[in-house]
Amino acid sequence: MKLAKRPKIRRAAGANNMKPNQIIFAVVLAGGLMASESVRADDTADAINQLKQQIEALDQKVRVLERQHELETEAQETKAREVPHITIGNNGVSFGSANSNFVFQLHGQIQVDSRTFFNDKTFHGPNLQGNDGFLLRRVRPIFSGTVYKDFDFVFVPDFAGSSVQIFDAYLNYRYAPWLQVRGGKFKTPVGLEQLQADQYTSFNERALPTDLTPNRDIGFQLWGDVADGRLSYAAGVFNGVGDGRNSANSDFEDHREFAGRVFLQPFKGTSVTPLQNLGFGIAGSWGNTFSNAGGLPSAYLTDGQQSFFAYTNGVVANGTHWRLSPQGCYYWGPFGLLGEYVISDQNVRKGAAKADLQNTAWQLAAGWVLTGEDASYVGVTPKHPFDPRANHWGAFQLVARCAELNVGNEAFPIFANPGASASEAKAWAVGLNWYLNRNIRVNASYSHTSFGGNINPKTATVTRQPEQVVFTRLQLAF
Amino acid sequence: MKSILKFAMVLAAVVFAGGVQAKDITLLNVSYDPTRELYADINTAFAKQWKEKTGDTIVIEQSHGGSGKQARAVIDGLEADVVTLALAYDIDAISQKSGLIAKDWQKRLPDNSTPFTSTIVFLVRKGNPKGIKDWDDLVKPGVSVVTPNPKTSGGARWNYLAAWGYALKKNNNSEAKARDFVAKLFRNVPILDTGARGATTTFVQRGIGDVLIAWESDALLSVKETSGNKFEIVVPSISIVAEPPVTWVDGVVKKHGTENVAKAYLEFLYSPEGQEIGAKNFYRPRSEEVAKKYAGQFAKLKLFTVDEVFGGWQKAQKTHFDPDGIFDQIQIDNR
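Just so you know, the protein sequences line up as chains Z and R, in that order.
According to my numbering, the first sequence is numbered sequentially starting from 1.
According to my numbering, the second sequence is numbered sequentially starting from 1001.
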């Protein structure tokens, strides 16, 4: 079967022209598409470039911010180095320049005591001994500081007495720990307990040997701690003061007094732990005073600060006055021991009568920190400062002491009244110290002092019977 | 008798010679920011020379920072034996405010006490993508310029005065147009370091900015340290002669007993060896001989001095950089 022929399709006129148009259309369309593609590509490239630029700009901004932060930190660090520093703590207040060339510190000490004397009244008569009562024992602002890192200064007035007194006022130059120079008014380097800071003594009052050692004097001293403190030395020249005396602000006569001390702590810093805080040494003074009562002690005082010996009127220091004091202390854990022996040998005169009087004294004081903290020459630091809410009660220390002072027999009867002045005093004391924290302390102690010599029971007052005193103290020190 | 006398003299000479022991001496050189490398080399060379000459060992300690800041530090007590600062005004300030430096200090050493000079050029990134050619390009929008703070940096003050001087010369000495030009320039500054070396750190190490206005010495050093791979120097059509001066601090050297060695140290900067070290560290030497040797290292460009255009540093400082001066006003306007 033959297939039907396909009918011929008659193309309309111009039908052959469609093809080129299509081509043109196609070309145009293609061109348009290509152009559009190109435009899109350009757009994309533009967009990419724009994005790149934005990213670069942002990158720069971030870098600038980081660098600004870096410079601000550097500037703050520089400023911090230039800013003075202020600290307040249990060691007082301290102001310092940024470079530490100028440091000023304020410390302080307030001691409020009570003394209660027992068996000190006569029947229908006056008090034989001190008045019972409260007293401000010490009220001392302590101004200290350092200039240019090596020059220290200390100024301590006391407001507790009836008039303001200057106790310490000195400059100290530190060339090195082993070589320092001090000038001004400060403690003479003789008595061990005298040299102990007031806030650290075991009892309210220092023991009898301190009656024989100089207190504070005006002069210059070379001193230092050698070999990390295993050897301490001090050697100075001073105006010279009588036993137990505090120097007035000018000398009472022409001659000088030399004083020196060497103290060893041979095991300090070693591995021999039980002996690390063993210290012993010797101190002394030597000077001349002629025809001046200022070179004599005003009196020898008991623990209760009552006079049990005084030279009679008209007695003057006249000649050499030397002192010698072997001394030592030992601390191990809660146990502490301090001992010293003092000889004070002085030439005196009353009218034509002259004598070389030698007075001696010794003490031995011991303590035990019941709460286990370490005892030391510089007090006790409680492990748990007082905070009853936390059941913390501070540190407690039992202390005991015995001491004796003997006046040379040659003092009587010409230079001292045997009826009133004792030729010896023997004292013992016990006490309990409560360290609430490093700054606040409460003491309570009992002291008993008996007197020997030819005391006249009818006329003597203080020395007629033993002195029995109960002390308390509330102390703030910072 | 004569032989005894001779013997005694010889013995005395031996004892005396034995008694004269070599000393250890320390000097403090308080310098401006970008001179670390220069003085590291100078100090080594001088210490060696001094040891050979006197037997004494000398250690020279360096302090670097913005020139103005360094001057302030010396006034406030920093015990500099010598100061080597960016501009004479800063040393004058020390002399006037502390009395530690004699008033005629600038006459004590040759060339107004400036052993080297430098100038101000541009450091740009390799390929110079922003097409920086001259000062005008620095004020175009989109160009980020790095320059330190003229309040603290001596280099920054040289930069500022170089820009101002260019604008003056271009605009027929119009102060208003110069001010406008410098204001526009500082609008393009994103961050102000305290010293010239800090600004170099910002540009080179932190990658901030398109152009650093720099000491020529610092720019050349940056190119050298990056082996020419990261930065290029663009020399402007005109720039300023920067004359960083040096002097000993009378009050301090007398106290330290270092007067002789301090003078010798600064005189060393003028010696052939000192000049050579300066040139190697890209400072333009005063010595004609050394300058000839290193001529190829330094671009030739038109230069003006601060005296010619501004009437000296005292006037320039008062007009532009003192509190409420033109720079402060520009900064306020630019906020």
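Some hints here could point you the wrong way.
[To be verified] Straight-line C-alpha distance at most 30 Å; calculated DSS-like pairs for lysine-lysine:
id, chain 1, residue 1, chain 2, residue 2
1, R, LYS1318, Z, LYS61
2, Z, LYS149, Z, LYS79
3, R, LYS1254, Z, LYS61
4, Z, LYS61, R, LYS1048
5, Z, LYS79, R, LYS1151
6, Z, LYS79, R, LYS1263
7, Z, LYS149, R, LYS1170
8, R, LYS1053, R, LYS1230
9, R, LYS1126, R, LYS1254
10, R, LYS1255, Z, LYS52
11, R, LYS1255, Z, LYS149
12, R, LYS1126, Z, LYS149
13, Z, LYS52, R, LYS1023
14, Z, LYS149, R, LYS1140
15, R, LYS1103, R, LYS1140
16, R, LYS1151, Z, LYS61
17, Z, LYS79, R, LYS1069
18, R, LYS1097, R, LYS1230
19, R, LYS1097, Z, LYS61
20, R, LYS1103, Z, LYS52
21, R, LYS1169, Z, LYS61
22, R, LYS1318, Z, LYS79
If you are wondering where the hints come from, they were derived from the structure by calculation, not from laboratory data.
Results for each hint:
no. : hint                   : result
1   : LYS1318/R to LYS61/Z   : 34 Å, violated
2   : LYS149/Z to LYS79/Z    : 21 Å, holds
3   : LYS1254/R to LYS61/Z   : 51 Å, violated
4   : LYS61/Z to LYS1048/R   : 48 Å, violated
5   : LYS79/Z to LYS1151/R   : 17 Å, holds
6   : LYS79/Z to LYS1263/R   : 34 Å, violated
7   : LYS149/Z to LYS1170/R  : 57 Å, violated
8   : LYS1053/R to LYS1230/R : 44 Å, violated
9   : LYS1126/R to LYS1254/R : 50 Å, violated
10  : LYS1255/R to LYS52/Z   : 61 Å, violated
11  : LYS1255/R to LYS149/Z  : 18 Å, holds
12  : LYS1126/R to LYS149/Z  : 52 Å, violated
13  : LYS52/Z to LYS1023/R   : 63 Å, violated
14  : LYS149/Z to LYS1140/R  : 55 Å, violated
15  : LYS1103/R to LYS1140/R : 44 Å, violated
16  : LYS1151/R to LYS61/Z   : 24 Å, holds
17  : LYS79/Z to LYS1069/R   : 13 Å, holds
18  : LYS1097/R to LYS1230/R : 44 Å, violated
19  : LYS1097/R to LYS61/Z   : 41 Å, violated
20  : LYS1103/R to LYS52/Z   : 57 Å, violated
21  : LYS1169/R to LYS61/Z   : 34 Å, violated
22  : LYS1318/R to LYS79/Z   : 27 Å, holds
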